[in-house]
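Oh and the sequence shown: position 12 is -2 in our numbering, straight run, nothing missing.
Derived by calculation from the structure, the hints in this document are not laboratory data. Some clues are possibly wrong.
As the list claims (entries may be wrong) - Result set (EDC-like, lysine to aspartate or glutamate): computed pairs, CA atoms no more than 16 Å apart in a straight line:
(1) 12 with 29
(2) 10 with 29
(3) 21 with 32
(4) 19 with 32
Claimed, not checked - Label pairs and their computed distance ranges (CB to CB):
(5) 8 with 34: 18 to 24 Å
(6) 17 with -9: 40 to 46 Å
(7) 18 with 40: 25 to 31 Å
Note that the Cβ used here is the ideal one computed from N, Cα and C, for glycine as well.
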Amino acid sequence: MLEHQIPPHLKPIRPKTVSAEERKAKILLGIIKLKRYHELSHEALEQVMKMACELSK
């Protein structure tokens, strides 16, 4: 097994009890980091925001 693969018998680290609000907050934080550290253009940032909105539904 490759070192980056997780054995199937292990449980995921993130429990499924994480609230939807917390997941959305983490998505937004990731978008802010993308904008700050990778200097996304406004068009690319808008596209990322649209994808995040789709995923958060």
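We went through each hint and held it up to the structure:
1. 12 with 29: Since the Cα atoms of residue 12 and residue 29 sit roughly 21 Å apart, the hinted pair is violated (cutoff 16 Å).
2. 10 with 29: 21 Å, violated
3. 21 with 32: Measuring from Cα to Cα gives roughly 10 Å; hence the hint holds.
4. 19 with 32: 14 Å, holds
5. 8 with 34: 18 to 24 Å: Because 20 Å falls inside the window, the suggested range holds.
6. 17 with -9: 40 to 46 Å: Roughly 28 Å apart at Cβ, these two residues miss the hinted range, so it is violated.
7. 18 with 40: 25 to 31 Å: The hint (25 to 31 Å, Cβ to Cβ) is violated, given that residue 18 and residue 40 are roughly 18 Å apart.
Hint compliance for this structure: hints 1, 2, 6 and 7 are broken, all remaining hints hold.
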